[in-house]
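K.L.:
Sequence:
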Amino acid sequence: MKIHQTLLVGSFAVAVGSFLAIGCAGKGSSSESLQLSADTGTGKKTVGSTDMCGSPAPSMAERNRVEKEIAALAFAPGKGGAPTVIPVYFHIVTNDDGSLGGMTDAEVAIQIDALNTGFAGTQAPGGFNTSFRFQLAGTDRTANSAWFTCIRDSADDVAMKTALRRGTAATLNLYVRDLEPGLGGWGGFPWWYAGNPVMDGPEIDYTLVGRGVDPGLAGDVFVHEVGHWMGLYHTFQDGCTTNNDYVSDTPAEAHYNVNCPTATLDTCTGKGFSGTDPWMNFMDYTNDACKYQFTSGQSRRMDQMWATYRAGK
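Numbering of the sequence shown is given in the numbering used here, commencing with residue 5 and proceeding in unit increments.
These are computed hints drawn from the structure, not numbers from a lab.
Here the structure is a predicted model, which means the values were calculated and not measured.
Accuracy of the hints is not assured; some may be wrong.
[Stated by the list, open to error] Pairwise CB distance ranges (calculated):
1. Pro-185 with Ala-163: 30 to 36 Å
2. Gly-274 with Pro-129: 36 to 42 Å
3. Glu-71 with Cys-264: 28 to 34 Å
4. Gly-186 with Thr-108: 39 to 45 Å
5. Ala-86 with Asn-200: 28 to 34 Å
6. Met-64 with Val-89: 20 to 26 Å
7. Asn-200 with Gly-316: 15 to 21 Å
8. Gly-316 with Gly-276: 36 to 42 Å
9. Ala-174 with Ala-128: 24 to 30 Å
10. Ala-150 with Asp-270: 43 to 49 Å
11. Val-202 with Glu-73: 20 to 26 Å
12. Thr-126 with Asn-200: 32 to 38 Å
13. Arg-69 with Thr-172: 19 to 25 Å
14. Val-89 with Thr-268: 37 to 43 Å
[To be verified] Pairs of lysine to any residue, SDA-like flavour, derived with a Cα cap of 25 Å:
15. Lys-72 with Thr-246
16. Lys-275 with Gly-243
17. Lys-72 with Gly-276
18. Lys-317 with Gly-199
19. Lys-317 with Ala-65
20. Lys-317 with Thr-172
21. Lys-72 with Ala-311
22. Lys-317 with Pro-62
23. Lys-72 with Ala-173
24. Lys-72 with Gly-301
25. Lys-317 with Gly-301
26. Lys-72 with Gly-199
27. Lys-72 with Trp-195
28. Lys-72 with Ala-267
29. Lys-275 with Asn-291
Cβ coordinates follow ideal geometry from the N, Cα and C atoms, glycine included.
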């Protein structure tokens, strides 16, 4: 195993990024995932239209407990303002000889840019300026084939995160490696940190990294995953229900959307349901060419989650 580490301070930037979103809560531990289909011709992984994650979302009991915990803190509607700057560590894992996997420093910068434009609401008109920004704190590169291809929550996955994770609950650790066949990424919700802090931090497949060339791979896989890390559910959570994703200004939608739907798409109609599908939201599965938005309500919820589960923890 080889580990090369570079610590960076002060790299705070803004740019544009887009791709496709990530999946659902995984097996009650620290994971949620997006399933992908393999493109054997290019070696890239592409999002499948039907093989999304089948793992369950948090149980209703867990969700009810979280709602009670965050309700103890009163917040005005999300308003952006002076941002909370979150330190970010990139942990880039390759196979033993470095021939598979990896990211350049320029590609890391693209990911930081995608996070900042996404959370600043500047990717397109209609995005909301949230209270959070991201600053690169460090990058390490590890050559370890066992870690590169390990199964999530396995002994190797735990060993990797035990060795590499930095900081506190308020530190974002991102792991980039070769995920299991059919998976593009997974993350964890903030209330899981207290019970298993070492496993906190999203993992992303290295083939889905934004590389500044393909607009379909510009970095918003990370925006979606970090949305979960900040406490957001999918916009299609529970389908056409009143709770849905527990955010009042993201209209309910019956299922996830892909590609770029029509502006008038409305899969939840009738009494109690207003508005068209929020397919432009980062927490849906649409293509990054048409996905650019967090809402005021999502910003408020992230503020609540941050204060309850991450700030000062």
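K.L.:
Take the hints in turn and mark each one as holding or not.
P.N.:
Verification of the supplied hints:
Take Pro-185 and Ala-163: their Cβ atoms lie about 21 Å apart, and the range 30 to 36 Å is violated. Look at Gly-274 against Pro-129: about 30 Å separates their beta carbons, and that is not inside 36 to 42 Å. At roughly 33 Å, the beta-carbon separation of Glu-71 and Cys-264 lies within the given 28 to 34 Å, and the hint holds. One distance hint, 39 to 45 Å for the beta-carbon pair Gly-186 and Thr-108, is violated here, with the actual separation near 27 Å.
Against the hinted window of 28 to 34 Å, the Cβ-Cβ separation of Ala-86 and Asn-200 comes to about 32 Å, which satisfies the hint. Between Met-64 and Val-89 the beta carbon distance is about 35 Å. The supplied range of 20 to 26 Å is therefore violated. The hint said 15 to 21 Å for the Cβ distance between Asn-200 and Gly-316, and at roughly 19 Å that hint holds. Gly-316 and Gly-276 have their C-beta atoms about 39 Å apart, which keeps the hinted 36 to 42 Å range intact.
Restraint check, Ala-174 to Ala-128: a C-beta distance of roughly 29 Å satisfies the suggested window 24 to 30 Å. The hinted window of 43 to 49 Å between Ala-150 and Asp-270 holds, with their beta carbons roughly 48 Å apart. In this structure the supplied range 20 to 26 Å holds for Val-202 paired with Glu-73, their Cβ-Cβ distance being about 22 Å. Hint check: Thr-126 to Asn-200, Cβ distance near 34 Å, so the stated range 32 to 38 Å holds.
Checked against the hint of 19 to 25 Å, the C-beta distance between Arg-69 and Thr-172 comes to roughly 22 Å, which is consistent with it. Judged by the Cβ atoms, the range 37 to 43 Å given for Val-89 and Thr-268 holds: they are separated by roughly 39 Å. The suggested pairing of Lys-72 with Thr-246 holds, with an alpha-carbon distance near 17 Å, which does not exceed 25 Å. Between Lys-275 and Gly-243 the alpha-carbon distance is near 15 Å, which keeps this suggested pair within the 25 Å criterion.
For the proposed pair Lys-72 and Gly-276, the alpha carbon gap of about 24 Å is at most 25 Å, so the pair holds. For the hint pairing Lys-317 with Gly-199, the CA-to-CA distance comes to about 12 Å; that is within 25 Å, so the pair holds. Proposed proximity of Lys-317 and Ala-65 is supported: the alpha carbons are some 24 Å apart, at most 25 Å. Between the alpha carbons of Lys-317 and Thr-172 the distance comes to roughly 6 Å, so the proposed pair stays at or under 25 Å and holds.
Among the hinted pairs, Lys-72 with Ala-311 is consistent with the structure: their alpha-carbon atoms are about 14 Å apart, no more than 25 Å. Proximity of Lys-317 to Pro-62 is assessed by CA-CA distance (about 22 Å); at most 25 Å being required, the pair is judged to hold. Distance check on the hinted pair: Lys-72 and Ala-173 sit about 20 Å apart at the alpha-carbon level, within 25 Å; holds. The suggested pairing of Lys-72 with Gly-301 holds, with an alpha-carbon distance near 17 Å, which does not exceed 25 Å.
Distance check on the hinted pair: Lys-317 and Gly-301 sit about 24 Å apart at the alpha-carbon level, within 25 Å; holds. At most 25 Å may separate the alpha-carbon atoms for a hinted pair to count; Lys-72 and Gly-199 meet this at roughly 18 Å. Taking the CA atoms of Lys-72 and Trp-195, the gap is about 12 Å. The hint holds against a cut of 25 Å. A C-alpha spacing of about 35 Å is found between Lys-72 and Ala-267, which places the hinted pair above 25 Å, so the restraint is violated.
The straight-line distance between the Cα atoms of Lys-275 and Asn-291 is roughly 30 Å, outside the 25 Å bound, and the hint therefore fails.
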